[in-house]
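Protein chains in written order, with the working numbering: chain A, 3 to 270; chain B, 113 to 400; chain C, 118 to 501.
What the hints contain is simulated information worked out from the structure, not anything from laboratory work. Keep in mind that the hints are not guaranteed to be accurate.
Stated by the list, open to error - Dumping the calculated DSSO-like pairs for lysine-lysine here, alpha-carbon to alpha-carbon at most 30 Å:
no., chain 1, residue 1, chain 2, residue 2
1, C, 293, C, 263
2, A, 135, C, 219
3, C, 493, C, 219
4, B, 186, C, 492
5, B, 186, C, 493
6, A, 135, C, 314
7, C, 314, C, 453
8, B, 186, C, 293
9, A, 164, B, 213
10, C, 219, B, 186
11, B, 210, A, 164
12, C, 416, C, 263
13, B, 210, B, 311
14, A, 164, B, 186
15, C, 275, C, 293
16, C, 499, C, 303
Unchecked claim - Which chain B residues stay away from chain C? Per the calculated CB distances, all over 12 Å, these:
no., residue
17, 292
18, 307
19, 342
20, 346
21, 354
22, 361
23, 388
C-beta: ideal position from N, C-alpha, C; glycine also.
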Amino acid sequence: MAASSGSLGWNLVRVWTLLVYIFMFLPIAVVVLLSFNASQFGAFPMTGFSFRWFVELAQNEAILRAFRTSIVLGLMTALISTTLGVLASLALVRYRVPGANMISTLLIAPILVPEVVLAVALLLFLNFLQINKSFTLLLAGHVIFTLPFVILVVQARLVSIKRDVEEAAMSLGASPRQTFFQITLPLMLPAVLAGALFAFTISFDDITGTLFWKPGGVETVPTQIFAMLRNSISPEINALGTVMIVMTVGLPLLGIAIARRLSSKSGA
Amino acid sequence: MSVEAREARQPWILLSPALTAVTFLLFVPLLFIVVYSFWLRTATGADQIGFFLDNWQEALTDRFYRDILLNTLKIAAITTLVCALMGYPAAYFIARSKGNKAILLLLLMLPFWISYIIRTMSWINILGVSGALNTFLLWVGVISEPIQMLYNEQSVILGLVHFLLPFMVLNVFVSLDGIDTNLEDAANSLGATRWQAFKQVTLPLSLPGLAAGGLLCFVLGAGTYITPLVLGGATDAMFANLVFEAIITQLNWPLGSALSLMLLAVLGALVLIYNRYLGMAQLMKGLG
Amino acid sequence: MTGKMDNTTRYERLRERYMNGDLDRRSFLGLIGAAGLAYGVQTPFAKFAHAADVSQVRFDGWGGVVSEALRENAFQPFESETGVEVVDGTFGGGDEYLSRVKASQEGEYNIAHLSGVFDYARYHNLGLSTVLNEDNIPNLQYVIPKLIDVFRNVSDGKLSCVPYDYGTTGLAYNRKYISDEEMQEKGARILIDEAHKGKIGGWGDWRTRIWYGALQTDQDPNGATDMEAIWDAIRTHRDLSLKYWGSGAELMSLLAEEEIHATEGWSGRIFALQEQGHDIGYMDPPNGYGWQECMFVIKGSPMEACEELLNFMLAPETAIAVAEGQNYPPALDPNKVDLGDKIPTLPAFDPNGTLDGLTFADPAYWNGNEQEWSKKFGRIQKGY
């Protein structure tokens, strides 16, 4: 790539990407900025600098509880739907399955159904079976609408992994299991991680289905925010956004630092 | 057991957990909705069980539903196009950059961590009469009166693009990242310019990712209702708003069921087209 | 009245009396034994829903400060006194909540903060109502009688709810752009005034829109005769307005940030804006939209626990604290209870306790036309 670094086309792509990132971060910047605004209504120019919304947030136990619920729900959703998704993608890409197109369409179907409909349909069905709302139902709902994302991402990646490499490994005497864990899995790891991240993020951000499926007393971060918003547009919510950003910038940095340290150890 | 029989059985074992989940958590409940769409809502608000075609007749013949469906598809298509134009170069940059790709991707996912509702509403603070942009333009002196930028179709599309762009970038990235860069270098060494190499090698190979991202953007865009509610004006409703209104506001679940099945059918047709298209892309790849 | 919870409460009460010395040890144990026997006999026949929900009561309301005030003043003392947990949830609007209740199982939802008699009638007509034992709610005596009667009329003299608060949907306007004189002159027609094009707002709720359509065309909001004129007024309003708002929060920010200069608005929210120092005027036009909210007990709920909770919530000190938090006057009769300093300053407050100045939605008229009008408005709203 060294040759391309200085080329005009590459520079255009770079500037374009920068603009895309600015676009993505503009609302975040506004949220962070306004979380320090002294007055309640988030209008510019700002009226003063204040930490009062953070203080109010810190005293809001409901949000902290919701945060824990969302994390647990998101992690479990990511784990289950990534497992289901990877298995299904392997079957679809690596084997000749009759009706593969049909099957992958079926598996992607949950995102084709508007979420309101999915929510009501699932709820009515479980109602019919006399099953009460529970955390498990909420989890099942989240798995079902994150599954397609995992399958789409993992399949796209698997298609581009050359079968030759696997066949080479096998012809050199590796068992199918060894081939999978030593060749296929590492090759598709980025896609698996992307899928898991997708699943977690979408679960963490979901509101429509969650509103229908959650049992009484259980709140996730979005439903809690929704409840808070109904009453007043409070910069407390901006403060919450700011805290989340600080956490999510901090956590990956920490993860990368740990990964670096680990790899430098194993390298030595 | 013969090797062939095992070979034939294996994919089904791998598929069964996902298929079971989708069957019992989606298709059986959807069948419920199909049955529901033939019921009738009575004046008292209770649902009358039976076989009535009223809901379907209304959903299929009324111009109102058709117009809004078409408008929804138009908005979704523009959103998808904008996402592709904005997202592809960004995904290309990430895939080919020497920096840390994971960090660049995580940064892109970062806005998801501020709830969708907060993100959508923050555009009001940017584009509103007393928002950041108007305040800035007034301060610079470009304008003397705040411009009304909110509550129209453009602001709905803007909100949707912001919501869906990461889906596009991630999908394109995944397929670009799987392409061996040696292929492009090989094309270069055979005398192709970088642009030719990109156009003839990389772009076709990344089409499945672009198609997947496009499908996602389109479908999620067409199914949205919160964005038009928050950023749209009085007349900027989308089809999911009609479904939501029928089910939630008018408590007319039978009609809501029929309307959602209608939306489902249109988007389902799109997936079939996508599948055929993806098949072609794979074919091209096989030839390459 | 079966189920473990009632027995638990009974036990708690017995224990309390025993501790206070009202009961000797032998009768205490004897009563415990009887309660245990009753529990053992009843439980196998108790319904599943009861067995699952016996230790808690589910309450759903509008969230925010209302919930906080209730939690602090009613739910927490109730929990520590009875051992029954109050699980509180929130909803965005009455219609959304009703569809959730419709899709739920009996006993899942217990008490709801409903808006208006028409809402009460909807639940009653769908068979979701209960019959309260009013002897268990002595604090009902402090409530304005007229507020109770309207509910009784719907459900054959029985009650499935207790009235809790009331307010109005009047006209809110920014004084910087619209003078009080202009408001007096134009009234509800300010919302269809060409002069304010693009700076008008309104709630995207079909009842409110039709109500104001009737006022703008000089008709009786509870008995319009010329619907076409009303639809035209709604269309005019649509074309002149910036957008329909969907929540109290949105109403407040549109006004505070001066995106709109005039809209109809909920009295409590506008009062909150005024409290924050925004120069927003509020006016109830003649025949303005009044509403009364109630705490409704949904079919399948543990009745005794719900009644006890309602009684807690109606206790004057609780009801007043909640009212001061949410800026809507309580349903308590000012002739019987001293409501303090703040409540008399709230908009819509009636010092006589007769509420004669307010016009409420007639449930038969509105519910009878709900299906047709909500749909028709849905179309007009989208430009048809």
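Quick rundown of the hints versus the structure:
1. Restraint check for residue 293 of chain C and residue 263 of chain C: not satisfied, since their Cα atoms lie roughly 39 Å apart, outside the 30 Å limit.
2. A C-alpha spacing of about 14 Å is found between residue 135 of chain A and residue 219 of chain C, which places the hinted pair at or below 30 Å, so the restraint holds.
3. Taken as a hint, the residue 493 of chain C and residue 219 of chain C pair is honoured in the structure, with Cα atoms around 23 Å apart against an allowance of 30 Å.
4. Pair hint residue 186 of chain B plus residue 492 of chain C holds up; C-alpha atoms about 24 Å apart against a cutoff of 30 Å.
5. A threshold of 30 Å between alpha carbons decides the hint, and for residue 186 of chain B with residue 493 of chain C the separation of about 25 Å falls inside it, so the pair holds.
6. For the proposed pair residue 135 of chain A and residue 314 of chain C, the alpha carbon gap of about 47 Å is over 30 Å, so the pair is violated.
7. Distance check on the hinted pair: residue 314 of chain C and residue 453 of chain C sit about 47 Å apart at the alpha-carbon level, beyond 30 Å; violated.
8. For the suggested pair residue 186 of chain B and residue 293 of chain C, the alpha carbons sit about 40 Å apart, so the restraint of at most 30 Å is broken.
9. Distance hint between residue 164 of chain A and residue 213 of chain B is fulfilled; the C-alpha atoms sit about 22 Å from each other, no more than 30 Å.
10. Distance restraint check for residue 219 of chain C and residue 186 of chain B: the Cα-Cα separation of roughly 35 Å exceeds the 30 Å cut-off, and the hinted pair is therefore not satisfied.
11. Restraint check for residue 210 of chain B and residue 164 of chain A: satisfied, since their Cα atoms lie roughly 23 Å apart, inside the 30 Å limit.
12. Restraint check: the Cα-Cα separation between residue 416 of chain C and residue 263 of chain C comes to about 25 Å, which is no more than 30 Å; the hinted pair holds.
13. Annotation: proposed proximity of residue 210 of chain B to residue 311 of chain B holds, straight-line Cα distance about 22 Å (limit 30 Å).
14. A C-alpha spacing of about 38 Å is found between residue 164 of chain A and residue 186 of chain B, which places the hinted pair above 30 Å, so the restraint is violated.
15. Taking the CA atoms of residue 275 of chain C and residue 293 of chain C, the gap is near 49 Å; set against the 30 Å cutoff, the hint is violated.
16. Annotation: proposed proximity of residue 499 of chain C to residue 303 of chain C holds, straight-line Cα distance about 27 Å (limit 30 Å).
17. Here residue 292 of chain B stays apart from chain C, with its beta-carbon at least about 51 Å from theirs, past the 12 Å limit.
18. Distance check for residue 307 of chain B against chain C: the nearest CB is about 46 Å away, which clears 12 Å, and the non-interface claim stands.
19. For residue 342 of chain B, the requirement that its beta carbon stay farther than 12 Å from each beta carbon of chain C is not met, with the minimum near 8 Å.
20. Not every Cβ of chain C is farther than 12 Å from the Cβ of residue 346 of chain B; the closest lies at roughly 5 Å, contradicting the non-interface assignment.
21. In this structure residue 354 of chain B is not separated from chain C by more than 12 Å, as the shortest Cβ-Cβ distance comes to only about 8 Å.
22. Against chain C, the non-interface label of residue 361 of chain B is violated: not every CB pair exceeds 12 Å, the least being about 5 Å.
23. Distance check for residue 388 of chain B against chain C: the nearest CB is about 34 Å away, which clears 12 Å, and the non-interface claim stands.
Hints 1, 6, 7, 8, 10, 14, 15, 19, 20, 21 and 22 from the list above are not met by this structure, while the remaining hints are.
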